[in-house]
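Protein sequence lines correspond, in order, to chains A and B.
Take the first sequence: its position 84, counting from 1, is numbered 211 in our numbering, and each next residue is one higher.
Take the second sequence: its position 422, counting from 1, is numbered 549 in our numbering, and each next residue is one higher.
Read the hints as simulated data drawn from the structure, not as lab findings.
These figures come from a predicted structure and were not determined experimentally.
Note that beta-carbon positions come from the ideal geometry of N, C-alpha and C, so glycine has one too.
Be a bit skeptical, because a hint or two may be false.
As the list claims (entries may be wrong) - Heads up, simulated BS3-like pairs for lysine-lysine below, C-alpha to C-alpha not over 30 Å straight-line:
hint, chain 1, residue 1, chain 2, residue 2
1, B, K386, A, K154
2, B, K386, A, K370
3, A, K419, B, K272
4, B, K386, A, K420
5, B, K148, A, K385
6, A, K386, B, K148
7, A, K422, B, K314
8, B, K148, A, K389
As the list claims (entries may be wrong) - Now the in silico label distances, taken between C-beta atoms and shown as ranges:
hint, chain 1, residue 1, chain 2, residue 2, range
9, B, K527, A, D304, 57 to 67 Å
10, B, K420, A, E319, 17 to 27 Å
11, B, K533, A, K399, 54 to 64 Å
Protein chains: 2
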Amino acid sequence: MIKNLNIVIAGLGTVGSSTIKLIESNKNIFLNRSGLRVNIVGVFAKNKSKTRNFRLKNYKWFNSYKDMIRQKNVNIVIELIGGAKGIARDICYETLKNKKNLITANKALLAHDGYKLAKLAEENKVKIGFEASVAGGVPVISTLKKSFKGIKINKITGILNGTSNYILTNMLEENNDFSTSLKKAQKLGYAEQNPEDDLNGLDTLHKIIILSEISFNKQIDIKKAVCSGIEKLTKEDIFFANKLGFRIKLLGIGCIEKKKIKLIVSPFLISKEKELSNVNKNLNAIIIDANKKNKTILVGEGAGGDPTSISVISDLINISSYENENMYGITYKDLKRVSISNNFSGDNSYFIRVKTYDKPGAIAAITTILKNFNISIKSLFQEQLNRKIFNVVILSHKCKKSSIDKAANKLNKCNFVKEKAIIMQVLHV
Amino acid sequence: MIKNLNIVIAGLGTVGSSTIKLIESNKNIFLNRSGLRVNIVGVFAKNKSKTRNFRLKNYKWFNSYKDMIRQKNVNIVIELIGGAKGIARDICYETLKNKKNLITANKALLAHDGYKLAKLAEENKVKIGFEASVAGGVPVISTLKKSFKGIKINKITGILNGTSNYILTNMLEENNDFSTSLKKAQKLGYAEQNPEDDLNGLDTLHKIIILSEISFNKQIDIKKAVCSGIEKLTKEDIFFANKLGFRIKLLGIGCIEKKKIKLIVSPFLISKEKELSNVNKNLNAIIIDANKKNKTILVGEGAGGDPTSISVISDLINISSYENENMYGITYKDLKRVSISNNFSGDNSYFIRVKTYDKPGAIAAITTILKNFNISIKSLFQEQLNRKIFNVVILSHKCKKSSIDKAANKLNKCNFVKEKAIIMQVLHV
Numbered sequence: 128m129i130k131n132l133n134i135v136i137a138g139l140g141t142v143g144s145s146t147i148k149l150i151e152s153n154k155n156i157f158l159n160r161s162g163l164r165v166n167i168v169g170v171f172a173k174n175k176s177k178t179r180n181f182r183l184k185n186y187k188w189f190n191s192y193k194d195m196i197r198q199k200n201v202n203i204v205i206e207l208i209g210g211a212k213g214i215a216r217d218i219c220y221e222t223l224k225n226k227k228n229l230i231t232a233n234k235a236l237l238a239h240d241g242y243k244l245a246k247l248a249e250e251n252k253v254k255i256g257f258e259a260s261v262a263g264g265v266p267v268i269s270t271l272k273k274s275f276k277g278i279k280i281n282k283i284t285g286i287l288n289g290t291s292n293y294i295l296t297n298m299l300e301e302n303n304d305f306s307t308s309l310k311k312a313q314k315l316g317y318a319e320q321n322p323e324d325d326l327n328g329l330d331t332l333h334k335i336i337i338l339s340e341i342s343f344n345k346q347i348d349i350k351k352a353v354c355s356g357i358e359k360l361t362k363e364d365i366f367f368a369n370k371l372g373f374r375i376k377l378l379g380i381g382c383i384e385k386k387k388i389k390l391i392v393s394p395f396l397i398s399k400e401k402e403l404s405n406v407n408k409n410l411n412a413i414i415i416d417a418n419k420k421n422k423t424i425l426v427g428e429g430a431g432g433d434p435t436s437i438s439v440i441s442d443l444i445n446i447s448s449y450e451n452e453n454m455y456g457i458t459y460k461d462l463k464r465v466s467i468s469n470n471f472s473g474d475n476s477y478f479i480r481v482k483t484y485d486k487p488g489a490i491a492a493i494t495t496i497l498k499n500f501n502i503s504i505k506s507l508f509q510e511q512l513n514r515k516i517f518n519v520v521i522l523s524h525k526c527k528k529s530s531i532d533k534a535a536n537k538l539n540k541c542n543f544v545k546e547k548a549i550i551m552q553v554l555h556v
Numbered sequence: 128m129i130k131n132l133n134i135v136i137a138g139l140g141t142v143g144s145s146t147i148k149l150i151e152s153n154k155n156i157f158l159n160r161s162g163l164r165v166n167i168v169g170v171f172a173k174n175k176s177k178t179r180n181f182r183l184k185n186y187k188w189f190n191s192y193k194d195m196i197r198q199k200n201v202n203i204v205i206e207l208i209g210g211a212k213g214i215a216r217d218i219c220y221e222t223l224k225n226k227k228n229l230i231t232a233n234k235a236l237l238a239h240d241g242y243k244l245a246k247l248a249e250e251n252k253v254k255i256g257f258e259a260s261v262a263g264g265v266p267v268i269s270t271l272k273k274s275f276k277g278i279k280i281n282k283i284t285g286i287l288n289g290t291s292n293y294i295l296t297n298m299l300e301e302n303n304d305f306s307t308s309l310k311k312a313q314k315l316g317y318a319e320q321n322p323e324d325d326l327n328g329l330d331t332l333h334k335i336i337i338l339s340e341i342s343f344n345k346q347i348d349i350k351k352a353v354c355s356g357i358e359k360l361t362k363e364d365i366f367f368a369n370k371l372g373f374r375i376k377l378l379g380i381g382c383i384e385k386k387k388i389k390l391i392v393s394p395f396l397i398s399k400e401k402e403l404s405n406v407n408k409n410l411n412a413i414i415i416d417a418n419k420k421n422k423t424i425l426v427g428e429g430a431g432g433d434p435t436s437i438s439v440i441s442d443l444i445n446i447s448s449y450e451n452e453n454m455y456g457i458t459y460k461d462l463k464r465v466s467i468s469n470n471f472s473g474d475n476s477y478f479i480r481v482k483t484y485d486k487p488g489a490i491a492a493i494t495t496i497l498k499n500f501n502i503s504i505k506s507l508f509q510e511q512l513n514r515k516i517f518n519v520v521i522l523s524h525k526c527k528k529s530s531i532d533k534a535a536n537k538l539n540k541c542n543f544v545k546e547k548a549i550i551m552q553v554l555h556v
């Protein structure tokens, strides 16, 4: 029995264009494997006259997204504009209110409004597919919702931002400084012209919130979360980390500890022996820690039109095939509010880099401060940058985060310290 | 609305015991997230009196698996005995004929009888869950069936045998010879007492057949497939591969080329820069190549009770929640028969190790043979094993497989060659 699936697409940028091309080329696969005849009955974007790499004329153009959504025969609206506010948000709400299924890649909106959207979808008996919102072509959302539905998930750890990961890899491989690597990422299409939210960790925060909400079945209030990104890292950090046997990766981690959600988004040092250390360039990876000690790792391209459109297609097929699929796997009524913290328990090793003026006694002063906060030193390097300035790099033994915070505070006040110390945690998993 | 799910379990070994314990500990999760009240209404195994790490007395024991399956209220039969023939096979057929859903980890049976089972299940309107049959806790089957249902899959590459992977890793890390590493694997529970099918590649063949059948929607006749394993590798192979910048991994590869299924199961050299090279010990990994150049990698523990029971639970939940789930994603009627071959197109680099008697002119003879078959040499090592015997190791530039086969044939006939040459392909992906 063949089922007609009428879809409309809002947003015709990289992902939108790839999605249209993939739908056109895969029509026979949809028909043969799923009995679906997929028709694109309309498109909408902010700018009609922009040059696009598909034939816009083949599709009905809507000047009003409201008219497009309200077309009687539309089953699914695909929103690929993005943004927690503005038109993308309006389209998502309008879609659900009009009792249409929604597919979206809008991680910012989902991180802010996930609960509201889940409620609205359930009330209107429609579904939301959002596989494309996290880790491009990696089917992590479906894996969490389906394969781990009967299993307790303890922790989610992810390299979730392709831009940051590309820059960190490129700085090491080509010995570039941050701005050169960023420019290269932009040239290759791995970074946007305004990459601020990628580099400051916000994009990773959005994604780890989405994954944590599915994994732990909680409502997470993004306003109470904090994050830091890679924008202050220099090639010295990459270089010294490498010398110490580590790679630097921007990680998002979510876990459940004593009924609280712990969230952290920050660059970490990862031993070269660990799986995540080899996840390079624009790749994303997610480790799912479940049921005591079980680890499952998913790796794939995290962004770009081709991989992301695969996830859009996956949602398209699944929304049409399965019943009773709530957004977070369970009803929104059971998504409990929970307080969040970024205080992970347990001690950690830390990487500390201090840029100092060449002043007698500087090293002695630094090591004394660490000693006073019970931080013992595993390795110490000193490197002269020019006649007046040098870097001191320290790898600590395991110690309390509170000790490190206090020591950093003290260090940053020393008159021989040129810039705020760079401090990164070593990943112990 | 709460749904009762009555299950019976046949097979109470490592996976069976772990499954029972996981079901008991996760009853609240099933109830809260899926509205399922799961009851174990009976168990069966070959030997009742064996010591087990759960309280057998808590469950109704059946002396006859037929009686157990035919209990009126049973919804799902879980078969965890294993084996393409004998009692495990009988239980699977009996389950489907009695219109009960089946969950099984029986890769040997699935590789031989997959099509017949799919037909029988559809005819009786019941479902088969087999996530546990490939790569233990890694949800590769669900990923292929659900996330890639609308996408053309081009190739599946997998490290699918935990025993072989553990031995290959251990030989390198601890400089052990094959038999010492095997014993260690057995001691740790990563290898069975009779590991023949793990080491000769047959287990990997079963698994790559299952994955290929789902990915390419074809019936594959296992009788026409060939495989080779790791049983002839020595620590010299590991050592020289490492020296050349490679790891050795036993891979199963399935792809579709010119409407033929190409299957290969063999040890490969993998550059240390590639993702799979870091998949060590008893880990499994699968690369899904789809839609032109998209790569998705799944990594996790490949065997053992805890990870495998997670996959059994995943099937339990999914069988109870989703409708219209055919075994291979599509109806058995559309699973076309296809001829298979292990002739992959394209040239490759090869690793060649020849153990020779110390005879003047041996190296000259070897290199002349290679030259005569147009095989050019990238690296060559010679290592004296004792006064009379040495190893010659060659890494070739890319060349035809037929040339390598002919050269090997010639080499093996030389009177100075002590043992058949070891030949492995370098993975170029």
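Do the hints match the structure? See the list:
Proposed proximity of K386 of chain B and K154 of chain A is supported: the alpha carbons are some 19 Å apart, at most 30 Å. Only pairs whose Cα atoms come within 30 Å are accepted, and K386 of chain B paired with K370 of chain A is rejected, the gap being roughly 50 Å. Restraint check for K419 of chain A and K272 of chain B: the C-alpha separation of about 27 Å stays at or below 30 Å, so the hint holds. Distance hint between K386 of chain B and K420 of chain A is unfulfilled; the C-alpha atoms sit about 42 Å from each other, more than 30 Å.
Straight-line distance between C-alpha atoms of K148 of chain B and K385 of chain A comes to about 24 Å, which keeps the hinted pair within the 30 Å bound. A hinted pair counts as satisfied when its Cα atoms are at most 30 Å apart, and K386 of chain A with K148 of chain B qualifies at roughly 24 Å. Note on K422 of chain A and K314 of chain B: the hinted pairing holds, with a Cα-Cα distance of about 22 Å set against a maximum of 30 Å. Taking the CA atoms of K148 of chain B and K389 of chain A, the gap is about 28 Å. The hint holds against a cut of 30 Å.
Evaluation of the 57 to 67 Å hint for K527 of chain B and D304 of chain A yields a failure: the beta carbon distance comes to about 46 Å. In this structure, K420 of chain B and E319 of chain A meet the distance hint of 17 to 27 Å, their C-beta atoms being roughly 22 Å apart. At about 41 Å, the CB distance of K533 of chain B to K399 of chain A disagrees with the hint of 54 to 64 Å.
Comparing the model with each earlier hint shows violations of hints 2, 4, 9, 11; every other hint is respected.
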